[in-house]
Amino acid sequence: MNPAALEVRHVSFAYGRKKALDDVSFIVPQGCCAILLGPNGAGKSTLFNLITRLFDSRSGHIQIAGFDNKSHSRQALAHMGVVFQQPTLDLDLTVEQNLRYHASLHGLGRRDATRRIATELERLQAIQYLKTKVRALSGGYRRRVEIARALLHRPALLLLDEPTVGLDIPSRMALVSHVHHLAAEGIGILWATHLIDEVEASDELIVLHRGRIRATGIVTDVIHRLQVTGLGEAFEALTTEAT
Amino acid sequence: MNLLHYLRATEAIIGREVLRFLHQRGRFVSALVRPLVWLFIFAAGFRATLGIAVIPPYQTYILYEEYITPGLAGMILLFNGMQSSLSMVYDREMGSMRILLVSPLPRWYLLSSKLLASTCVSILQAYVFLGIAWLYEIRPPATGYIEVFPALLLAGLMLGALGMFLSSFIKQLENFAGVMNFVIFPMFFLSTALYPLWRLQESSPLLATLAEYNPFSQAVELIRHALYGQFNPYAFLYTLGAMLLFMALAIWGYNPSKGMMTRRGR
Numbered sequence: 004m005n006p007a008a009l010e011v012r013h014v015s016f017a018y019g020r021k022k023a024l025d026d027v028s029f030i031v032p033q034g035c036c037a038i039l040l041g042p043n044g045a046g047k048s049t050l051f052n053l054i055t056r057l058f059d060s061r062s063g064h065i066q067i068a069g070f071d072n073k074s075h076s077r078q079a080l081a082h083m084g085v086v087f088q089q090p091t092l093d094l095d096l097t098v099e100q101n102l103r104y105h106a107s108l109h110g111l112g113r114r115d116a117t118r119r120i121a122t123e124l125e126r127l128q129a130i131q132y133l134k135t136k137v138r139a140l141s142g143g144y145r146r147r148v149e150i151a152r153a154l155l156h157r158p159a160l161l162l163l164d165e166p167t168v169g170l171d172i173p174s175r176m177a178l179v180s181h182v183h184h185l186a187a188e189g190i191g192i193l194w195a196t197h198l199i200d201e202v203e204a205s206d207e208l209i210v211l212h213r214g215r216i217r218a219t220g221i222v223t224d225v226i227h228r229l230q231v232t233g234l235g236e237a238f239e240a241l242t243t244e245a246t
Numbered sequence: 006m007n008l009l010h011y012l013r014a015t016e017a018i019i020g021r022e023v024l025r026f027l028h029q030r031g032r033f034v035s036a037l038v039r040p041l042v043w044l045f046i047f048a049a050g051f052r053a054t055l056g057i058a059v060i061p062p063y064q065t066y067i068l069y070e071e072y073i074t075p076g077l078a079g080m081i082l083l084f085n086g087m088q089s090s091l092s093m094v095y096d097r098e099m100g101s102m103r104i105l106l107v108s109p110l111p112r113w114y115l116l117s118s119k120l121l122a123s124t125c126v127s128i129l130q131a132y133v134f135l136g137i138a139w140l141y142e143i144r145p146p147a148t149g150y151i152e153v154f155p156a157l158l159l160a161g162l163m164l165g166a167l168g169m170f171l172s173s174f175i176k177q178l179e180n181f182a183g184v185m186n187f188v189i190f191p192m193f194f195l196s197t198a199l200y201p202l203w204r205l206q207e208s209s210p211l212l213a214t215l216a217e218y219n220p221f222s223q224a225v226e227l228i229r230h231a232l233y234g235q236f237n238p239y240a241f242l243y244t245l246g247a248m249l250l251f252m253a254l255a256i257w258g259y260n261p262s263k264g265m266m267t268r269r270g271r
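Protein chains in written order, with our numbering: chain A, 4 to 246; chain B, 6 to 271.
Bound conformation, chain A alone (with noise of 0.2 Å):
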């Protein structure tokens, strides 16, 4: 049986005294879309922090694709692609020369990095951009950009920090439509957003709420198991209850 992409048991954080994550536990299988919705503040940013091993934790144990986070940090990561919240690409330089510099980290060779971003470049639909130099393209598509650039490497597990701020709604949707082919391929993905419209009926859900996870299961599940119309309600219920 293959390992989950993702699997993070009992993690607790806090910031001095101000606890951040109390006791998250949940599993993202291969091949499945999990949504980490919460509000501002909930936790997620922290949550990205500790799975990306930028932050460490004391308590709890996080595995990507069945690698433990802190005992075997190296596998690990060479297992994950991430795009952050914040943009992380080099504007002054073109998109080829960011996704080499990528390449080049994970241990890519010159022809596999080429065919690799070739490959990435086109199912995003970005692949005439490969010569500009990423401070000319729009928001979307150094987002698209910054996708290709976590799958290079082709990883177990996809993690994603809102990816959708500052999109316009045609970018947004591209953006959510390519996510969820990418986990029909197989590939393990946590998306982490706010925004309850990115959602997808058949997503698994794992609502964040105070550093407490508050529910997780398909979206249609949660809803029918809180016996409410629709996700919003659902999620005003989850976050609302608990205040």
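Just to be clear, a hint being listed does not mean it is correct.
Unchecked claim - Where chain B lies over chain A, by a calculated footprint (3+ residues, C-beta under 8 Å):
#1 53 to 66
#2 89 to 101
#3 109 to 118
No wet-lab data here; the hints were simulated from the structure.
Source: prediction; values computed, not measured.
Ideal placement from N, C-alpha and C gives every residue a C-beta, glycine not left out.
Chain A is already provided as a structure; the job is to place chain B on it using the hints.
This is chain B only, laid out in the frame that chain A set:
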């Protein structure tokens, strides 16, 4: 994770740093303007006031311009090392540093590669400065330009490592002004870059002692001697020791479980 992976990563990090530098022509020009102002204006004005005795590595009396040239090469390394730490704070705030830190290589290796990359850029600037100084009739022996390379490399790594360590606990970009006031300026003025130790000794033995133990002074002396074909073992060992210490502190600072980065969270 093989050796090739490590080499590719280092090559990419250095290549990116050089490309970024070449694209930012303003940064290149401003990095050169500072030492050139000191060389052409300050040194000309103070030539008569700050007469220089015959001290190693010089064989004869020299003009003040010639004395401060190695110090100004060191100044380029110092300011660039700090500029690089500033860019790391910026990169961390803006996110591109995260991409580096989540790469599947040991963090100490990624930081060392980043340090080597910024030092390469500093050395490039230092050589351009030495070239301009040569046109200004400051002409050390031709072989000195080759012999000074390892000295520039070690000094650049030491100053860059200091900058990297500082960047690990500077939380916001705005705090960088403090680094300028509390680190760069005291380090530069309290060194042998602008005046020899004996001159400082005449004015204040305390300041002379502080200048002697300032790692930047030893880096400048290492560069000065190397540029004139001499090896200064004390300056070499001192600079090497300081580099190893600052690098260890920087790696500690960027370790998510031990360093400064984790103090924000438990």
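Structure-based check of each hint:
no., hint, in the structure
1, 53 to 66, "holds (count 6)"
2, 89 to 101, "holds (count 8)"
3, 109 to 118, "holds (count 4)"
This entry satisfies every hint, going by the numbered hints stated previously.
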